[in-house]
Amino acid sequence: MALATSPPEAGEAGAPGRYSSDAAGLGRLRAGVFVAPALLLIAAFLVFPALWVLYLALTNYRLTGAAAAEPQFVGLANLLDAAANPEFWSSTWLTVEFVLGSAVIGQVGLGFTIAWLLRDRRGPLKRLVEGLVILAWILPGAIVSFLWVALLDRDGGTLNALLGIQGFAWLLDHPMLSIIVFNIWRGTAFSMMLYGAALGNVPPSHLESARLAGASGWQQLRDVVFPHIRGHVLTNLLLISLWTFNDFTPFLLTAGGPDGRSEVLAVHVYKVALQSGELGYGAAVSAIILLINLVVAVFYLRLLRRRK
Amino acid sequence: MTRFVLGRIGFYTLIAVLLAFFTIPLLWLVTAPFTSDPTYEIKIPGFTSDPTSEVKAPSFTLDNFRAVAEHPYALPSLYNSLVLSVGTAVLVVILASLAAYALSRVRLPGRDALLYALLLLSSIITGTAAMVPLFQLAVELNLIDSQLGLILILTGGLLPAAIFMLKDFMDSTPKSYEESARVFGATPLQIVRHVVVPLVRPGLATVGVWAVANVWGNFLMPYLLLSDVEKQPAAVITYTLYTEGGQANLSMLSTFGLLYSVPVVLMYLFVSKKYGFRFHGGIKR
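Each protein sequence line maps, in turn, to chains A and B. Take the first sequence: its position 62, counted from the start at 1, is 62 in the UniProt record's numbering, and no numbers get skipped. Take the second sequence: its position 82, counted from the start at 1, is 82 in the UniProt record's numbering, and no numbers get skipped.
Don't read these hints as lab results, they were simulated from the structure. Hints may contain errors.
[Claimed, not checked] Listed below are the simulated DSS-like cross-link pairs for lysine-lysine, each with C-alpha atoms no more than 25 Å apart in a straight line:
#, chain 1, residue 1, chain 2, residue 2
1, B, K231, A, K271
2, B, K274, A, K126
3, B, K273, A, K126
[Stated by the list, open to error] If you want a taste of the chain A side facing chain B, the calculated C-beta under 10 Å gives, among others:
#, residue
4, A57
5, L118
6, A266
7, R305
[As the list claims (entries may be wrong)] Covered stretches of chain A (chain B as the covering partner; in silico rule of three or more C-beta atoms under 8 Å from a C-beta of chain B):
#, stretch
8, 119-129
9, 145-155
10, 272-280
11, 284-293
Here the structure is a predicted model, which means the values were calculated and not measured. The beta-carbon is built from N, C-alpha and C at its ideal position, and this holds for glycine as well.
Use the sequences and the hints to build the structure in full.
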């Protein structure tokens, strides 16, 4: 307020606006200069592609041939094609399986279970379990997917050897199950850490009095713990669903096969757009993915805001 | 009492199952590189001196590491991964800290809306949603097979989340130091370098490590945009090694995989030792 009368710095006399109350003399103009390089890159490589994919979705753009040089505007034809394409629908349902199986049941369920089991523990056992789960999360996807290719191999894989069975082709006969279990293995760390922190916020006195009142473990979970962490469960669910929905790693495990039986939408886009060269159609599927992402992310951010 | 004992048994059974689930897939990665002629099955290499002996355990060897060193693309691809991830991390940290500082200290009109839009954008625009336009953009701008181009594209994708994380750090540092530096005539860039950066160093380190880890493991974007095998990072080389002609070279793959994995593990150990393993706002990729 009173600071507004402080003298402007030399060389800034002509700058628009009164900048003087800003900390450290960082005027609005300078602030703009600080923000600009970041915004430029974000605009070029994040915002523009998102808008451009919406445009490409309305063209018959192709990787090769006449439509590569001069793409025609075709309106909603790509979307109609998608709606009439059984491969699009099978990819959609496989993606629903993938998200429900690995994110909802697996990562939220398993992540909470681990956090709950280790809630009161300190020491090496807790560090060992948590360390291994986090290791699965941070190792490069290209490596861990090959580890699973080796593990699940029909003839020489360790899983069949451990189970004492021969010739069971996990990846070929149960590609979705393989991918879902793999994704649970790989993605549980985030949920585990989140629930570990959330459980730390449940007041021990509430649990103690429930225990004294004779509540069973299950009742304690349902009536004391769950009401406290409901917000965490919901935001966790939205976030990992979003990640799983967009995950391209299944490609590394099965390349969408056999016969498209593990071709989730992320892999479908790659196959139709960059392998078959139907860029316009691929963009239309991408645009659908983008809009679904938008809906989920808006829900997520609204929940976050309400919690603040 | 019986209930307590049963509870303990149940607890340790569950923990044992969990440990097996998370350990078994990793065992191959730590045994196969040291095994002569590894197979898919996990075998602990033994120290048999006589290769013709009847002992079933495969023998311990370091030859696989020599084979990786001699492979024309293996070690160079690790170098490429380093260039891409460090290049991106440096750019992300510099640009995000400048932007976060300005957004934290100055009330620009529409600032909150901008931050909200950034957070929204970074979570909805993924490689899957943007692969077609990014591929086309790279073709048009002549950025195919350009590591610098890929660095810029990756930086654009990571910046919003990085700005968000850093703004949090900046908001919690006191402004009084900057004001006194200003009284002594420091320019804003000097203030950022000599006052703000030392204060938010843990934040910069977190964002830098997060960016490195993100790019180190990234497969889709380099796979799409780098077709020259001499420029490809380890993620893409790994994939081409194991899809090559259906017959994967397992000693090469496992050894290379181990070398490719060790840096992220070391980085994780360093971070969790130095800063505790916190994570911010649930950001993974």
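May I ask you to test the interface hint for L118/A with respect to chain B, counting a Cβ-Cβ separation under 10 Å as satisfied?
-> This interface hint holds because 9 Å falls under the 10 Å limit.
Annotated coverage of the stretch 284-293 of chain A by chain B, confirmed only when three residues or more have a Cβ within 8 Å = It holds, with 5 qualifying residues against the three required.
Mind checking the alpha carbons of K231/B and K271/A for me, to see if they're no more than 25 Å apart?
-> holds, 23 Å
Chain B over the stretch 119-129 of chain A, status - at least 3 residues with CB closer than 8 Å | Since three or more residues must qualify, the claim that chain B covers the stretch 119-129 of chain A holds, with 3 doing so at under 8 Å.
Taking 25 Å as the top limit, are the C-alpha atoms of K274/B and K126/A close enough?
-> holds, 19 Å
Restraint status (C-alpha distance of K273/B to K126/A at most 25 Å) | holds, 16 Å
Status of the A266/A interface restraint (C-beta, 10 Å, chain B) = holds, 4 Å
Counting residues of the stretch 145-155 of chain A that have a beta-carbon nearer than 8 Å to any beta-carbon of chain B, does the count reach 3?
-> Held - the stretch 145-155 of chain A has 8 residues with a Cβ nearer than 8 Å to chain B, which meets the minimum of three.
Would you check whether R305/A satisfies its interface hint, that is, whether its CB is within less than 10 Å of any CB in chain B?
-> holds, 9 Å
Do three or more residues of the stretch 272-280 of chain A come closer than 8 Å to chain B, measuring C-beta to C-beta?
-> holds (count 3)
Close enough to count: is the Cβ of A57/A nearer than 10 Å to one in chain B?
-> holds, 9 Å
Of the numbered hints listed earlier, not one is contradicted by the structure.
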